[in-house]
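Engineer: Next come the chains, spelled out residue by residue.
2 protein chains.
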Amino acid sequence: MPENLKALNAEEISASKRLIMEAAAKLFADKGYGSVGISEVGEAAGFGKGSLYYHIRSKEDLLFDIMTAYMVELIDAAHTIEKNVKDIPARVRELSQSFMDIMFASRPEMTVCFREVHALTENRRKGVLKLHTEYQNIWLRVFSDGARQRVLRPLSKIEVKAILGMYFYSFLWIRSDGAVKVRAIAEDFATLVLRAAAINTK
Amino acid sequence: MPENLKALNAEEISASKRLIMEAAAKLFADKGYGSVGISEVGEAAGFGKGSLYYHIRSKEDLLFDIMTAYMVELIDAAHTIEKNVKDIPARVRELSQSFMDIMFASRPEMTVCFREVHALTENRRKGVLKLHTEYQNIWLRVFSDGARQRVLRPLSKIEVKAILGMYFYSFLWIRSDGAVKVRAIAEDFATLVLRAAAINTK
Chain A
302 MPENLKALNA EEISASKRLI MEAAAKLFAD KGYGSVGISE VGEAAGFGKG SLYYHIRSKE
362 DLLFDIMTAY MVELIDAAHT IEKNVKDIPA RVRELSQSFM DIMFASRPEM TVCFREVHAL
422 TENRRKGVLK LHTEYQNIWL RVFSDGARQR VLRPLSKIEV KAILGMYFYS FLWIRSDGAV
482 KVRAIAEDFA TLVLRAAAIN TK
Chain B
302 MPENLKALNA EEISASKRLI MEAAAKLFAD KGYGSVGISE VGEAAGFGKG SLYYHIRSKE
362 DLLFDIMTAY MVELIDAAHT IEKNVKDIPA RVRELSQSFM DIMFASRPEM TVCFREVHAL
422 TENRRKGVLK LHTEYQNIWL RVFSDGARQR VLRPLSKIEV KAILGMYFYS FLWIRSDGAV
482 KVRAIAEDFA TLVLRAAAIN TK
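Taken in sequence, the protein lines are chains A and B. Under the numbering used here, the first residue of the first sequence carries the number 302, and numbering increases by one thereafter. Under the numbering used here, the first residue of the second sequence carries the number 302, and numbering increases by one thereafter.
Among the clues, some could well be false.
It does not matter which identical chain is used: a pair holds within one copy or between any two.
[Stated by the list, open to error] Distance condition first, Cα-Cα at most 30 Å in a straight line; then the derived DSBU-like pairs of lysine-lysine:
1) K327 - K350
2) K427 - K482
3) K360 - K327
4) K482 - K307
5) K327 - K458
6) K458 - K427
7) K427 - K327
8) K458 - K360
9) K332 - K427
10) K387 - K360
11) K350 - K307
12) K307 - K332
13) K318 - K431
14) K332 - K431
15) K307 - K427
16) K384 - K332
17) K360 - K350
18) K431 - K327
Quick caveat, the hints were computed from the structure, so don't treat them as lab data. On a predicted model such as this, the values are computed, not experimentally measured, just so you know.
Generate coordinates for the entire structure from the input sequences, incorporating the hints supplied.
Structural biologist: Structure follows, in structure tokens:
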């Protein structure tokens, strides 16, 4: 069976497949990828083995889809923001909100991604890393646009990677006490970032 | 066998035990904790099964020691800095350097910690989290001291957690091109933090 290396867009994921992916992500996050059998995934999602394999090709395919779907979602949302929001501080705030909204809805997926990325084949790991680079580039651009417009100081790539790490790490500690709190946290993060990148400091 | 819940200090770890812990951390990081047998650890460290069990009690004990030793090291170094460095920006810079030095020397250990923390018993997981809280408190204090002395603005706990996340996430992407680079990165991080916490921004 040839290895499927394509990350799926939201519209390419059927409702059934999404059910299976969500059930699998929760099981993988709770028990570890290696300890979960594919029939357990089918049971949790309400599919028999035959119908399960109609929607997925293999357990590794499923792992790859889980690790890439939320990244594609992040990238698509960020591209839309980049296209529509020209004001730099507003763009940073919207990127921050969009990250937190998607992160908050994808915590099992992010847990699986950070814990099991070594379980992927080399080519697929590269595929996941490529998506992370694509997302990072959108943030690099908001800062370089900001520096060019002289509304932000120029940031080094290390600084931008540090800032993104702050976002990605947050899935480990942000608790589920509702959308209001997540919005407030996104605003806190954006403020921290905009202050760190502001021009008028010593 | 009663569960050992005590995190070891550097001086409580014999040279032999340290060898075993380092070999195990590398194996666990490369292959996953679940896929590594205890005899494989012994072989990699150059110990037979009998002498191995003279130094460790069980595979889970070893995992717990790996996950806690670098945190104890971080905490001890940070306490020393806190005691000796009263100037707030200098303290932030030294905490930053100390984190990066220890992180850079403990990447297999951190990989294992973030990937396998669910493999610990509830009590031990709490032990690891308690060490993270202790370390976080030292950073909370440098910022509250800074706000009291009016050299930094007051930061919320969310902001301090965000900043620490930036540090902890860095083990995933900082490459091993030498101590000079790590020092420079530590300085970049400290500058970012001090700018984010500066008073004289809008």
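Engineer: Now tell me if each hint is right for this structure.
Structural biologist: These are the hints, each one checked on the structure:
In this homomeric assembly, K327 and K350 come within 30 Å of each other (Cα to Cα) only inside a single copy, at 19 Å, whereas the closest approach across copies is 37 Å. Within a single copy, K427 and K482 get their C-alpha atoms only as close as 34 Å, which misses the 30 Å cut-off; across copies the closest is 25 Å, which meets it. Both within a single protomer and between protomers do K360 and K327 lie at most 30 Å apart by alpha-carbon distance, with minima of 14 Å and 27 Å respectively. Neither within a single protomer nor between protomers do K482 and K307 lie at most 30 Å apart by alpha-carbon distance, with minima of 35 Å and 35 Å respectively.
Taking CA atoms no more than 30 Å apart as the test, K327 paired with K458 passes between copies only; the shortest distance there is 29 Å, against 34 Å inside one copy. Taking the shortest alpha-carbon separations for K458 and K427, only the intra-copy value of 20 Å comes in at or below 30 Å, while the best inter-copy value is 36 Å. With identical chains, the CA atoms of K427 and K327 are at most 30 Å apart both within one copy (24 Å) and between copies (22 Å). When the C-alpha separation of K458 and K360 is checked against a cutoff of 30 Å, the pair qualifies neither within a copy, at 36 Å, nor between copies, at 40 Å.
Taking the closest pair of Cα atoms, K332 and K427 come within 30 Å of each other both inside a single copy (25 Å) and across two copies (18 Å). In the homo-oligomer, the alpha carbons of K387 and K360 never lie at most 30 Å apart, since the shortest distance is 42 Å inside one protomer and 55 Å across protomers. In the homo-oligomer, the alpha carbons of K350 and K307 lie at most 30 Å apart inside one protomer (24 Å), although the nearest pairing across protomers, at 46 Å, exceeds that limit. Proximity of K307 to K332 under the C-alpha cut-off of 30 Å is found in both arrangements, the shortest distances being 26 Å within a copy and 26 Å between copies.
Within a single copy, K318 and K431 get their C-alpha atoms as close as 24 Å, which meets the 30 Å cut-off; across copies the closest is 39 Å, which misses it. Taking the closest pair of Cα atoms, K332 and K431 come within 30 Å of each other both inside a single copy (27 Å) and across two copies (23 Å). When the C-alpha separation of K307 and K427 is checked against a cutoff of 30 Å, the pair qualifies only within one copy, where the shortest distance is 12 Å, while the shortest distance between copies is 39 Å. In this homomeric assembly, K384 and K332 never come within 30 Å of each other (Cα to Cα): the closest approach is 40 Å inside a single copy and 42 Å across copies.
Within a single copy, K360 and K350 get their C-alpha atoms as close as 12 Å, which meets the 30 Å cut-off; across copies the closest is 36 Å, which misses it. With identical chains, the CA atoms of K431 and K327 are at most 30 Å apart both within one copy (24 Å) and between copies (26 Å).
In summary, the numbered hints that this structure violates are 4, 8, 10 and 16.
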